[in-house]
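Assemble chains A and W onto chain D, guided by the hints.
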Amino acid sequence: MYWGAMLRLEKLTKVYRTGDRALDAVDLEVPNGQVVALIGPSGAGKSTLIRCINRLVEPSSGKVFIGDEEITSLGAGALRRARRRMGMIFQEYALVERLTVMENVLSGRLGYVGFWRSFFRKYPQSDVDEAFRLLDRVGLVEMADKRADELSGGQRQRVGIARALIQNPALLLVDEPTASLDPKTSRQIMRLICELCEERGLAAIINIHDVALAQMFVQRVIGLNKGAIAFDGAPDSMTEDTLTMIYGEEDWKATIAKVEDEAA
Amino acid sequence: MSAAALDARIGKPWKKPAFIRNPYLRWGLYISAAIYILLAVSSIEVNWARVSEGLVRGWNFLAAFAEPDFLSRGKDIREGMIESVIMTVASTVVGILISVPIGLGAARNIAPLPVYLICRGIVALSRALNEIIVAILMVAIFGFGPLAGFITLSFATIGFLSKLLAEDIEDMDRVQAEAIKATGSGWLQWINYGVQPQVMPRLIGLSMYRLDINFRESAVLGLVGAGGIGATLNTAFDRYEYDTAAAILIIIIVTVMALEYLSGIIRARVQ
Amino acid sequence: MPVSTLTDGRKAWQLRDRKAQLTRWFAYFAAVAVFMWCWKKISDSTTWFFVWDAPRIASDIGSRAFPPRWSYMEKLWEPLWDTLNMATLGTLLALVFAVPIAFLAARNTTPSAVFVRPVALLIIVSSRSINSLIWALLLVAIIGPGVLAGLLAIALRSIGFCAKLLYEAIEEIDHKQVEAVTATGANPLQVMAYGIVPQIMPAFAGVAVFRWDINIRESTVLGLVGAGGIGVQMQASLNTLAWPQVALILLVILLAVIVSEWVSAKVRGAII
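Residue numbers (the numbering used here), protein chains in the order written: chain D, 1 to 264; chain A, 265 to 535; chain W, 536 to 807.
Isolated chain D (complex conformation) (with noise of 0.2 Å):
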């Protein structure tokens, strides 16, 4: 078994019942605190496969292993432990708008508190101790007591990072983080979660349609296309035929260009 390997697929294949093929036997590993992009067109099944880590979506076949757990053949108890150590942040945010921030952030701990605790809101000290650290860090403590449709995009954002992270994770599975967001704000929200990996030694799944701001964050960019992989490795080593080979024929000079100039 190789060690340090956070995350690993095996031959995951998700097939829906209308007869798509999402994904297509795919052989993944995510090491330790490797924050890893994941681009593809629409449909690639970028969508997919994070939610076949998780089990959102089931699986048709294959193995995920979470460190040294399988997760594919987990009963329902199991399987809620398991998504313990797995902070999800989703597209367009999914807060429940109608409790207000701190319960949205709170929410992150339910697979660790009993039903009567959650629905009486009686959350442990440690527990809302550290939902206000975090709120703290991404900068909302004074919305605490707001309702979530109170607030704006970024902020909403914000508070699923939160929420995602007071699970005390270990893997964070991001879905489209940035997608409804103006360019500056999915700047921050793109930094503030690599800013967190990095403090917490998470590992990273970040699904992303934005090329150039996946380049400008990560570590690591694998690109899907037709459920299979098509490309793995560092930003810096994707060239116009990469991008060719994950999205199809295209003008890609000026997406590169743009991010070149940017390190630059």
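Hints in this document: simulated from the structure, not taken from any laboratory.
The structure displayed is predicted, hence computed values, not measured ones.
Every residue gets a Cβ at the ideal spot worked out from N, C-alpha and C, and that includes glycine.
Do not rely on the hints blindly, as some may be mistaken.
Said to hold, decoys possible - Okay, the calculated beta carbon distance ranges per label pair:
(1) K63/D - A648/W: 48 to 58 Å
(2) G43/D - I382/A: 55 to 65 Å
(3) D709/W - N324/A: 45 to 55 Å
(4) K63/D - M464/A: 39 to 49 Å
(5) E249/D - E524/A: 45 to 55 Å
(6) K711/W - K63/D: 21 to 31 Å
(7) G43/D - V798/W: 35 to 45 Å
(8) L335/A - K575/W: 38 to 48 Å
(9) G77/D - R285/A: 37 to 47 Å
Claimed, not checked - In the PhoX-like style, the derived pairs of lysine-lysine whose C-alpha atoms are separated by at most 25 Å in a straight line are:
(10) K146/D - K280/A
(11) K146/D - K339/A
(12) K146/D - K184/D
(13) K279/A - K122/D
(14) K280/A - K122/D
Here is chains A and W on its own, set in the frame of chain D:
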């Protein structure tokens, strides 16, 4: 600033902010609600002997659903059902025909103020009076029979349809209506081309829905002598003929289900 | 596009072609025929002599009913209190049952779409198809006349209504919020409490208040079949042809309906 805010929070218990912020108001409401429920429950007089005796009858009634008797009062059931259906259809048609002008008149964006007030008044009156109460008055005035039921249901339909139609017209897209007005059309042409296409699908949907309601209502009007299956049902209960009553209830449920299914299809097609 | 050629060779535009037009006319004709037949049936079973006499009877009743017998009011306070209780407690009781039924009936929360959902839907449609007055008739026959029968009748009728609106609201929730709560490792009860319940709270409050308003109206007439409330007094007054009392009762009912509509509008405004 932020550090101070954080320090102020760490180590302190956290409570979800209450829905009603003012604690006096909150507890006042809780306590008065509790007192009300206590008083209300204690004011219900229950004759437990009668209830326990009734449980047997209740069980017999439920058992009757297993073998409903459609035949021994078959003629009464059939005539009652036909009368119910006739009242339903006739009152829905007449109700719609009268509702359209009143609905137009009750929409503030197309009707002048005096017309608006009169039409809104009619709508309010129709909605405030329970069908049964209207039926009692109609029976007193016109005598027993389906005519009283027909008038009652038509009147109730007017209140329901006109109100919803008026609200729909008030919510319609102004631009489309203005575009038609800009062509130099007359008032009726304007309604026909600018307003009608926008509200027609919903009007059809609502009419189907009202047909469904009218049928359900027609089943009870017979209790006060206004015609329909309700009279047969009432007789069945009076004679403790639970198997016949069960048969009638099953027919009503099935008809309502069929009507709902039908109106679902029609609504899906027109929208 | 339906365009026909006239005898002189010009083309004429029509909204519909001949076949569609004929079908349409036939449909109109059938509709009118059905209506006329219904009308004839109603007319056949009507004693027209009474109808022509109606204006005189109406004015006769009117003149007897006014002025209302105001002193009768002292006998109406208690039935009015009963009416309020039947509506309120009936609505509360209905909600207790409607919530679990709604969760069983909603496509996205039902434990089994094949076995449980049809049963829940059948309960809903049975409860909704039967008017509360018929429920009351039934319950009076079973447990005897009184407020309890009325309360249960209101509850039985309201279960289907509330459950239907609630399960439609549950089916319309944002699935992503549920997914997000699931991803934290929450158990199914927690997913419900955090992911689903907050989303349907406004619908729940709206439905409860809306139905309470309707129930106030309905509980005013349940007494006609012996199920308690102000309807009992109305029935008694009607039987003795005490029109001034009937007039007063109708006024009181009208007032109660207006007040309940006002209250429900206020509460709905405050919640949503």
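Consistency of the hints with the structure:
no.	hint	in the structure
1	K63/D - A648/W: 48 to 58 Å	violated, 30 Å
2	G43/D - I382/A: 55 to 65 Å	holds, 59 Å
3	D709/W - N324/A: 45 to 55 Å	holds, 48 Å
4	K63/D - M464/A: 39 to 49 Å	violated, 58 Å
5	E249/D - E524/A: 45 to 55 Å	holds, 54 Å
6	K711/W - K63/D: 21 to 31 Å	holds, 27 Å
7	G43/D - V798/W: 35 to 45 Å	violated, 52 Å
8	L335/A - K575/W: 38 to 48 Å	violated, 28 Å
9	G77/D - R285/A: 37 to 47 Å	holds, 40 Å
10	K146/D - K280/A	holds, 10 Å
11	K146/D - K339/A	violated, 66 Å
12	K146/D - K184/D	holds, 24 Å
13	K279/A - K122/D	holds, 8 Å
14	K280/A - K122/D	holds, 9 Å
Checked against the numbered hints above, the structure violates hints 1, 4, 7, 8, 11; every other hint is satisfied.
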